[in-house]
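K.L.:
Starting from the given sequences, assemble the full structure and let the hints guide the process.
For the record, the sequence lines run as chains F and C. The first sequence begins at 1 in full-length UniProt numbering and counts up one residue at a time. The second sequence begins at 1 in full-length UniProt numbering and counts up one residue at a time.
The set of hints was computed from the structure by calculation and includes no laboratory data. The model shown is predicted, which means the values in this text are computed figures rather than measured ones. Careful: at least some of the hints might be erroneous.
Calculated cross-link-like contacts (lysine-lysine; reagent style DSSO-like; alpha-carbon spacing at most 30 Å) [to be verified]:
(1) Lys271(F) x Lys65(C)
(2) Lys275(F) x Lys283(C)
(3) Lys42(C) x Lys159(F)
(4) Lys283(F) x Lys250(F)
(5) Lys146(C) x Lys285(F)
(6) Lys148(C) x Lys135(C)
(7) Lys429(C) x Lys350(C)
(8) Lys167(C) x Lys161(F)
(9) Lys271(F) x Lys76(C)
(10) Lys65(F) x Lys275(C)
(11) Lys65(F) x Lys148(C)
(12) Lys271(C) x Lys76(F)
(13) Lys308(F) x Lys350(F)
(14) Lys352(F) x Lys392(F)
(15) Lys285(F) x Lys150(F)
(16) Lys275(F) x Lys148(F)
(17) Lys283(F) x Lys306(C)
(18) Lys283(F) x Lys150(C)
(19) Lys429(C) x Lys352(C)
(20) Lys271(C) x Lys146(C)
(21) Lys128(C) x Lys128(F)
(22) Lys76(C) x Lys429(C)
(23) Lys150(F) x Lys305(F)
(24) Lys135(C) x Lys42(F)
(25) Lys275(F) x Lys285(C)
(26) Lys305(F) x Lys32(F)
(27) Lys76(C) x Lys283(F)
(28) Lys148(F) x Lys76(F)
(29) Lys275(F) x Lys76(C)
Protein chains: 2
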Amino acid sequence: MKRKLLFSGLFIAVIAGPAFAQSEADPAMLQKIRTEGMDHSKVMETAFYLTDVAGPRLAGSPGLKRAQDWAVNQLKTWGMQNANREAWGKFGKGWEVQKNYAAITVPYYHAIIAIPKAWTPGTNGAVKGDVVLVKADTITDLDQYKGKLKGKIVIFDTKTKLPEGTKADLNRLSDEELDRMEKATAQPAGSRRPAGPNPRFAAFARLRALRAAISEFLVNEDVALVLSMARGTDGTVFTTNGASYADTAKAVSPELETSGEDYLRILRLVKAGGKVEMEADIKTKFYTDDLQGYDVVGEIPGTDKKLKDQLVMLGGHLDSWHAATGATDNAAGSAVMLEAMRILKAVGFKPKRTIRIVLWSSEEQGLFGSRFYVLNHFGDPKTMQLKPEQAKVSAYYNLDNGTGKIRGIYLQGDSAARPIFKQWFEPFKDLGASTVTINNTGGTDHLSFDAVGIPGFQFIQDPMDYGSRTHHSNQDTYDRLSEDDLKQAATIVATFVYNTAQRAEMIPRQELPKAQGTN
Amino acid sequence: MKRKLLFSGLFIAVIAGPAFAQSEADPAMLQKIRTEGMDHSKVMETAFYLTDVAGPRLAGSPGLKRAQDWAVNQLKTWGMQNANREAWGKFGKGWEVQKNYAAITVPYYHAIIAIPKAWTPGTNGAVKGDVVLVKADTITDLDQYKGKLKGKIVIFDTKTKLPEGTKADLNRLSDEELDRMEKATAQPAGSRRPAGPNPRFAAFARLRALRAAISEFLVNEDVALVLSMARGTDGTVFTTNGASYADTAKAVSPELETSGEDYLRILRLVKAGGKVEMEADIKTKFYTDDLQGYDVVGEIPGTDKKLKDQLVMLGGHLDSWHAATGATDNAAGSAVMLEAMRILKAVGFKPKRTIRIVLWSSEEQGLFGSRFYVLNHFGDPKTMQLKPEQAKVSAYYNLDNGTGKIRGIYLQGDSAARPIFKQWFEPFKDLGASTVTINNTGGTDHLSFDAVGIPGFQFIQDPMDYGSRTHHSNQDTYDRLSEDDLKQAATIVATFVYNTAQRAEMIPRQELPKAQGTN
Numbered sequence: 001m002k003r004k005l006l007f008s009g010l011f012i013a014v015i016a017g018p019a020f021a022q023s024e025a026d027p028a029m030l031q032k033i034r035t036e037g038m039d040h041s042k043v044m045e046t047a048f049y050l051t052d053v054a055g056p057r058l059a060g061s062p063g064l065k066r067a068q069d070w071a072v073n074q075l076k077t078w079g080m081q082n083a084n085r086e087a088w089g090k091f092g093k094g095w096e097v098q099k100n101y102a103a104i105t106v107p108y109y110h111a112i113i114a115i116p117k118a119w120t121p122g123t124n125g126a127v128k129g130d131v132v133l134v135k136a137d138t139i140t141d142l143d144q145y146k147g148k149l150k151g152k153i154v155i156f157d158t159k160t161k162l163p164e165g166t167k168a169d170l171n172r173l174s175d176e177e178l179d180r181m182e183k184a185t186a187q188p189a190g191s192r193r194p195a196g197p198n199p200r201f202a203a204f205a206r207l208r209a210l211r212a213a214i215s216e217f218l219v220n221e222d223v224a225l226v227l228s229m230a231r232g233t234d235g236t237v238f239t240t241n242g243a244s245y246a247d248t249a250k251a252v253s254p255e256l257e258t259s260g261e262d263y264l265r266i267l268r269l270v271k272a273g274g275k276v277e278m279e280a281d282i283k284t285k286f287y288t289d290d291l292q293g294y295d296v297v298g299e300i301p302g303t304d305k306k307l308k309d310q311l312v313m314l315g316g317h318l319d320s321w322h323a324a325t326g327a328t329d330n331a332a333g334s335a336v337m338l339e340a341m342r343i344l345k346a347v348g349f350k351p352k353r354t355i356r357i358v359l360w361s362s363e364e365q366g367l368f369g370s371r372f373y374v375l376n377h378f379g380d381p382k383t384m385q386l387k388p389e390q391a392k393v394s395a396y397y398n399l400d401n402g403t404g405k406i407r408g409i410y411l412q413g414d415s416a417a418r419p420i421f422k423q424w425f426e427p428f429k430d431l432g433a434s435t436v437t438i439n440n441t442g443g444t445d446h447l448s449f450d451a452v453g454i455p456g457f458q459f460i461q462d463p464m465d466y467g468s469r470t471h472h473s474n475q476d477t478y479d480r481l482s483e484d485d486l487k488q489a490a491t492i493v494a495t496f497v498y499n500t501a502q503r504a505e506m507i508p509r510q511e512l513p514k515a516q517g518t519n
Numbered sequence: 001m002k003r004k005l006l007f008s009g010l011f012i013a014v015i016a017g018p019a020f021a022q023s024e025a026d027p028a029m030l031q032k033i034r035t036e037g038m039d040h041s042k043v044m045e046t047a048f049y050l051t052d053v054a055g056p057r058l059a060g061s062p063g064l065k066r067a068q069d070w071a072v073n074q075l076k077t078w079g080m081q082n083a084n085r086e087a088w089g090k091f092g093k094g095w096e097v098q099k100n101y102a103a104i105t106v107p108y109y110h111a112i113i114a115i116p117k118a119w120t121p122g123t124n125g126a127v128k129g130d131v132v133l134v135k136a137d138t139i140t141d142l143d144q145y146k147g148k149l150k151g152k153i154v155i156f157d158t159k160t161k162l163p164e165g166t167k168a169d170l171n172r173l174s175d176e177e178l179d180r181m182e183k184a185t186a187q188p189a190g191s192r193r194p195a196g197p198n199p200r201f202a203a204f205a206r207l208r209a210l211r212a213a214i215s216e217f218l219v220n221e222d223v224a225l226v227l228s229m230a231r232g233t234d235g236t237v238f239t240t241n242g243a244s245y246a247d248t249a250k251a252v253s254p255e256l257e258t259s260g261e262d263y264l265r266i267l268r269l270v271k272a273g274g275k276v277e278m279e280a281d282i283k284t285k286f287y288t289d290d291l292q293g294y295d296v297v298g299e300i301p302g303t304d305k306k307l308k309d310q311l312v313m314l315g316g317h318l319d320s321w322h323a324a325t326g327a328t329d330n331a332a333g334s335a336v337m338l339e340a341m342r343i344l345k346a347v348g349f350k351p352k353r354t355i356r357i358v359l360w361s362s363e364e365q366g367l368f369g370s371r372f373y374v375l376n377h378f379g380d381p382k383t384m385q386l387k388p389e390q391a392k393v394s395a396y397y398n399l400d401n402g403t404g405k406i407r408g409i410y411l412q413g414d415s416a417a418r419p420i421f422k423q424w425f426e427p428f429k430d431l432g433a434s435t436v437t438i439n440n441t442g443g444t445d446h447l448s449f450d451a452v453g454i455p456g457f458q459f460i461q462d463p464m465d466y467g468s469r470t471h472h473s474n475q476d477t478y479d480r481l482s483e484d485d486l487k488q489a490a491t492i493v494a495t496f497v498y499n500t501a502q503r504a505e506m507i508p509r510q511e512l513p514k515a516q517g518t519n
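P.N.:
Below is the structure:
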């Protein structure tokens with residue numbers, strides 16, 4: 001919790017009655033939404049286009065553009081208004097992999113499983129060279145390698161061992177876990193950041209400086225390729241970025257995030273003193289013709305004279321990492337939000353408030369798509385200078401935790417919303433969704449709204465194999481999407497959006513957060 | 001159980017007393033063995049050479065030869081006698097992968113995880129072509145593709161979906177499971193084969209004929225590459241052979257066993273009517289200079305005048321599949337058996353009977369290394385014509401179920417051995433090994449001994465992630481080896497071999513099996 005709550009738990013209990021009485025929901029419309037969502041779903045078709053057809057959707061990449069264009073077109077096809085790609089500001093270079101091949105050739109042939117780190121250069125054609133173990137605990141340790149690394153493939157030592165597979169990848173939340181979340185009380189303000197200087201800052205800064213020095217040294221030595229060990233086992237490779245997307249970014253070496261099994265095999269052979277030779281052919285392409293970032297926007301216009309200028313917003317980020325097709329992170333959330341829009345349109349819903357979907361970009365680099373959207377439309381969290389539109393957004397709903405069905409919602413401390421949401425979940429108890437927790441959840445785009453005082457919510461989802469297998473990995477593919485779960489989620493989101501659009505009052509807000517300042 | 005037991009359970013109980021009294025074990029030597037095995041183990045070093053250093057060890061391949069040569073040399077270094085590669089007869093062609101690259105290039109670039117099927121040819125340089133879905137439920141269905149597949153990449157339809165990861169990969173046997181095995185009673189003779197004609201034979205024969213016809217058609221059409229869907233998820237690919245190793249084998253097309261995720265993505269795109277283009281560069285090499293198969297043999301000669309011509313044998317197969325380094329299948333068993341020999345030599349043991357290790361080859365193609373070894377030395381199971389040496393082998397101990405520690409032993413119906421093994425396991429209860437089960441276990445080289453009436457035993461091992469992840473997969477690497485488990489296994493095997501070498505009597509035998517005949 002970043003700030004003081006306006007309402008105590010006790011006060012909530014008192015207003016719960018009136019809150020329940022405020023429902024303007026039409027039971028027939030609620031039933032139509034459920035039937036459309038559960039029995040006539042298009043969510044898997046949408047997910048197929050966002051994943052298999054569009055491909056990887058790294059921020060700024062052609063794959064993201066393909067998915068955005070498809071989504072804009074699809075929103076129009078479904079009859080949405082104002083569907084377009086809206087520029088939010090400068091992001092940086094686009095990038096994609098155009099060839100990815102690497103293999104051990106000595107002592108025997110073995111093609112490795114490895115993924116180029118995002119925004120790293122290629123090898124400029126096929127390369128072949130010995131693998132050299134570079135050991136550098138300090139910058140001066142690098143001196144011994146001076147003039148010796150040209151054309152080499154560099155590996156670093158590690159003590160990491162691969163974990164044993166003693167746990168199942170895929171899990172759902174238990175009744176006990178959900179009950180604990182429901183009964184949680186608000187965390188005291190400021191509790192999420194440790195007070196005082198972090199004793200690990202100095203060590204971290206040293207490590208960062210060392211890494212930068214090594215990176216620069218390897219570029220100057222003109223190494224052929226750098227291997228780093230990926231998180232993951234069994235052929236699963238979790239990916240990260242290896243360089244900045246900024247158009248002014250420093251040069252780095254070609255770098256492959258290498259599967260644990262392959263990395264450790266090469267390392268063991270090199271450490272045993274054997275000659276290990278590798279060949280590789282990596283081609284990556286940078287796109288600098290358009291450095292802007294874009295979000296996809298579409299609307300179902302409000303129809304109530306007094307309320308149509310108010311907004312209900314829903315969204316999720318459409319960008320992904322590059323090693324797979326970002327199915328659970330976050331084609332799933334994007335497809336669910338698009339499907340919620342489709343459902344609402346398909347049932348002929350004429351909302352009082354305007355409904356707006358936004359699919360964000362550059363979430364993976366720092367929630368940029370949503371942060372800049374909020375800055376452009378609603379206000380600046382650094383200064384808390386707010387725009388008039390800020391007052392008109394009833395709520396923003398986000399989905400970005402994989403393919404698991406919705407089990408409830410995080411209030412982000414907005415305890416006044418509890419009785420409202422409890423009521424809205426009533427019809428979905430049979431589908432496993434009813435938990436309302438005071439807890440925060442972080443790491444994604446609702447935070448951008450929360451930061452300027454707009455109620456931003458993320459749903460509680462069954463974790464499935466998100467943390468263990470798919471999140472940012474080369475295994476985040478369409479196969480991991482669970483159709484039943486996504487149908488349920490889209491139906492519930494559509495219902496929440498419906499209820500928010502029709503409710504007499506906006507969703508109650510918390511006290512405005514303090515300005516974050518420029519630091 | 002393939003045959004009648006000589007002894008009933010009741011009779012065993014009567015002879016249990018004398019059996020216990022027959023132990024000639026020297027407690028000091030037993031302690032030395034345990035100390036050497038548990039505290040001074042070299043099993044991981046041995047496993048490193050058999051896996052990382054030798055590489056994949058497909059039957060007939062250079063990798064297997066490297067491992068065999070290393071093992072022979074190592075046996076000599078440790079002071080074993082008669083260490084050599086012993087030819088067992090004609091196997092067929094050697095084969096290895098020398099380049100393995102394949103990627104989707106349209107609608108976007110994505111390098112796939114895939115492994116050439118064993119004994120398939122390469123693409124004869126880089127190829128690029130459209131993916132074509134071939135649907136053929138009958139041979140005549142192929143007509144529609146005539147003249148249309150040259151240079152294409154062929155994929156087949158499937159209804160297979162990837163399983164959810166709801167179970168942990170790695171498991172150990174529970175007390176309950178072990179107890180059930182211990183209490184099992186002998187299965188009635190012949191129960192392992194269903195009586196009468198198998199109703200699925202006809203369907204199976206039809207499918208086989210169809211597959212052969214498709215294979216021939218694709219060769220004649222000169223397709224660039226065939227994709228088949230591998231078992232496995234998460235980047236794990238289980239491999240098989242795609243053609244015969246026989247020097248007279250028919251030509252087949254280049255074929256990639258493709259990870260489920262990649263296969264299904266390509267299939268979904270093709271079925272949706274999109275253009276999918278791939279590029280590939282597969283090089284495989286056949287070795288025909290030596291078609292012989294070889295086993296690795298080494299001995300610690302017996303020293304007792306009367307008993308030194310008798311044998312205690314131990315072994316496991318050293319050959320593996322080609323996608324990884326066959327760490328759990330079966331570098332693990334090979335390393336444990338080599339380590340057992342090393343331990344016995346290191347403690348200065350002078351056995352009464354001769355101890356012989358044999359590391360088999362071509363086990364994966366049909367236990368050929370052990371079957372021909374047995375045929376050459378002990379007798380023919382088809383005719384039950386036995387050689388004099390058959391009478392001199394007290395027992396053969398095999399290990400081939402992965403990296404899990406030993407939990408007990410399968411009697412293969414030899415109930416008279418139960419009290420002997422129960423006694424030998426006594427000192428290892430603290431290490432989790434004590435279960436003696438009447439049950440059979442199949443699928444590996446002890447069967448070759450059993451088939452000519454020589455007591456052949458395989459140990460019960462914790463399954464670990466053998467079935468779920470490593471067995472025949474591209475993930476069967478050194479990382480999956482569990483040091484503590486292998487140490488325990490080597491110590492127990494060394495002790496069993498020690499006891500068998502010193503025991504006054506040979507291990508009791510069952511009635512001779514019936515001749516299998518030539519069908």
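K.L.:
Holds or violated: are the alpha carbons of Lys150(F) and Lys305(F) at most 30 Å from each other?
P.N.:
71 Å, violated
K.L.:
Decide if the proposed pair is consistent with the structure: Lys65(F) and Lys275(C), CA atoms, cutoff 30 Å inclusive.
P.N.:
19 Å, holds
K.L.:
Holds or violated: are the alpha carbons of Lys271(C) and Lys146(C) at most 30 Å from each other?
P.N.:
20 Å, holds
K.L.:
Assess, step by step, whether the Cα of Lys271(F) is no farther than 30 Å from the Cα of Lys65(C), and give holds or violated.
P.N.:
Holds, at roughly 24 Å.
K.L.:
Compare the distance between the alpha carbons of Lys76(C) and Lys283(F) with 30 Å, and conclude whether the hinted pair is satisfied.
P.N.:
Answer violated: Lys76(C) to Lys283(F) is near 49 Å, above 30 Å.
K.L.:
Regarding the pair Lys128(C) and Lys128(F), is the alpha-carbon distance no greater than 30 Å?
P.N.:
23 Å, holds
K.L.:
For the pair we were handed, Lys275(F) and Lys76(C), check the Cα-Cα distance against 30 Å.
P.N.:
The given pair, whose Cα atoms are some 25 Å apart, holds under the 30 Å limit.
K.L.:
Going straight from one Cα to the other, do Lys148(C) and Lys135(C) come out at no more than 30 Å?
P.N.:
Holds, at roughly 13 Å.
K.L.:
Is Lys283(F) within 30 Å of Lys306(C), Cα to Cα?
P.N.:
71 Å, violated
K.L.:
Take a quick look at whether Lys271(F) and Lys76(C) sit within 30 Å of each other, Cα to Cα.
P.N.:
26 Å, holds
K.L.:
Given the hinted pair Lys167(C) and Lys161(F), is their alpha-carbon gap at most 30 Å?
P.N.:
OK: Lys167(C) and Lys161(F) at ~22 Å, within 30 Å.
K.L.:
Does Lys159(F) sit within 30 Å of Lys42(C), going by the straight-line distance between their CA atoms?
P.N.:
20 Å, holds
This entry does not satisfy hints 5, 11, 17, 22, 23, 27, 28, going by the numbered hints stated previously.
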